[in-house]
Amino acid sequence: MADVSLDNVFKTFGKTEVIHGISCDIQDGEFIVILGPSGCGKSTLLRMIAGLETITKGDVSIDGTVVNRLEPADRDVAMVFQNYALYPHMTVFKNMAYGLKIRKMPKAEIKRRVEDAARILEITEFLDRKPKQLSGGQRQRVAMGRCIVREPKIFLFDEPLSNLDAKLRVQMRLEIRKLQETLKITSIYVTHDQVEAMTLGDRMIVMDNGYAAQIGTPLDVYERPATRFVAGFIGSPAMNFLTAVVSADGRQVHLHRDISLTLQNGGLPGHGGQKIIMGVRPEHFVLGQAADAMLHLDLDHVEILGSDTLAYGHLGQDKTQVTLRLPSVYHFKKNTVLHLDIPSKNLHFFNTDTGQRIEMQA
Amino acid sequence: MVEHRPWLTFLTHAILIFGMLLLVIPIYVTFVASSHSLDEITAHFSLLPGTQLVENYTSALSVGPRDVGATVGTMMLNSLIMALGITLGKIFISLLAAYAIVYFKFRFRMFFFWLIFITLMLPVEVRILPTYKVAADLKILDSYPGLILPLIASATATFLFRQFFMTVPDELCEAVKIDGGGPIRFFFDILLPMSRTSIAALFVILFIYGWNQYLWPLLITTDESYYTLLIGIKRMLDVGEGQAEWQIIMASTILAMIPPILIVIFMQKQFVKGMTETEK
Ligand SMILES: Nc1ncnc2c1ncn2[C@@H]1O[C@H](COP(=O)(O)OP(=O)(O)OP(=O)(O)O)[C@@H](O)[C@H]1O
Ligand SMILES: [Mg+2]
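Protein sequences appear in the order of chains A and B. When we follow numbering that gives the first Met the number 0, the leftmost residue of the first sequence carries the number 0, and every step to the right adds one. When we follow numbering that gives the first Met the number 0, the leftmost residue of the second sequence carries the number 0, and every step to the right adds one.
No lab work stands behind these hints, which were simulated from the structure alone. One thing to keep in mind: the hints can contain errors.
[What the hints assert, rightly or not] Footprint (simulated), chain A over chain B, 3 or more residues, beta carbon under 8 Å: (1) 162-172; (2) 177-184; (3) 201-215.
Note that CB positions come from ideal geometry on N, CA and C, so glycine has one too.
Kindly produce the complete structure, drawing on both the sequences and the hints.
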């Protein structure tokens, strides 16, 4: 168990910089998820912590010691690879025992640890099999087992579930979380799946093109996304973005000449007259009355999912596309008009140019 | 594609049987000749096995042919040492070379790879004079190292192992690093066992190649005790005006075929696996 600290870490491949200075302090026993779209540098960051990539600039420390120049073995980390990287010619037992054997642990202790791990992961019956004779999910467990037996300071996961089918993914996700809670080993988990990130992490680092766009608890990231990128990336269906202009006194936003919303609380007093981006999550619209509703949506298309209903439509003269999600089932007809309200606390505002979040005054 | 045309079946079988006879008859004649006495062979040779089988083989193995100065037994041993030396040496060296080229970053890496690759196009015969000079200067003429070392580098095997290593996922190497092992462990614990079937396939090919070496041993051996069997057979034929000992020559020929056949028989399963399957 250990705390990990990233201090302004950079990574350059040849001439291209792919990680542009990331800092984060990870507590002992914490489960951190690194989330971001493909190619944003998640794996690179993880591999720098593991010691598989050199660190161009900045420091990675484990337990207060800078480990930049240490080999992976000396950092005492264990890693689950996306394709599991099991040794194909070794049995499951030997796969799990290999790291311990290298560390010259006594045979009896190796056996005890492997058998314990196998019991926890329910793979005891496969110990004599080769990886080729296992299903994807079983291989995934073996890869986890190989990490558990080492009792390392840190677990590193690089998209460990992405090769599994949807149902198994949900099951393994729960098991990984349960396991981490029992073992209390500091874990860093890379994924591009936001559901995994929301459910697994104590905190998450949302990465955008080599920058850490936001570091925070899942709820934090969902409720107060720090940038427009984070807002659009977290949540499914994605957040709706509408361009708006703040009224001179900051108490209203105008979506079009014909639509104005009155903000509760203090509004946006510092931004009077500015053009901004307003974000609304699909699930935050509420159906209102024709007379006093804020918005009137022309319905294009409806999807009934059973548990809830997705409705797609457009707003106003410039036909901005909007998605909304309503709990339970609604049988809307096409081309009707929905009257919608949005609680003011569920509005998000972002700077048009920088994409940074703009807070409403309390 | 399944076709039921009797004449086609007949034709294909006829061609195959004809081809088989073409290959088998000379060997059969050799075998029959090795079971007759010299008189019988030269005077009235019949295609049925004779009675001298045991005498001929014992004489070849223990007494040896006239004028050659070494028994067939010695020559077989020499051939075996040379073939095994070349085979194991080639496999060892090319494994190491391929490992270096695939897994280590060093200056001029690609240059060295292409250098090795280009030597693929140079058969032994082309470089035989310079090689002879080097061997002579090193004073390894008439010795086992002389028979083995100059033939030990193998661009083909290096290339094959390189291709195989490149299909091994990088993550395996990284997994070993994380598990705490270095390059030597990765090589011996992971790469070598994974290459097992390719090594077996190469072993068969290279052993036959080594066993059948002719020109090089012929050049560098003058001492009879280092003769290999193939040279011995050649010498037995060089009798000038005299009468060649055909019964001994034929027995030696049959003996020369046995080790490669045994290797193929015993390693057939691994050989086929190595040529067709990759373990990953
Ligand atoms: N060895 C390398 N040499 C050069 N560029 C690299 C190398 N490894 C990664 N990159 C680049 O760095 C960027 C980040 O790659 P990385 O593998 O970290 O992305 P990722 O977030 O893990 O993506 P994915 O979700 O697809 O795995 C990519 O643009 C990639 O092209
Ligand atoms: Mg990745």
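**Prompt:** Going through the earlier hints one by one, which of them does the structure break, listed in rising order?
**Reply:** As far as the earlier hints go, only 3 is violated by this structure.
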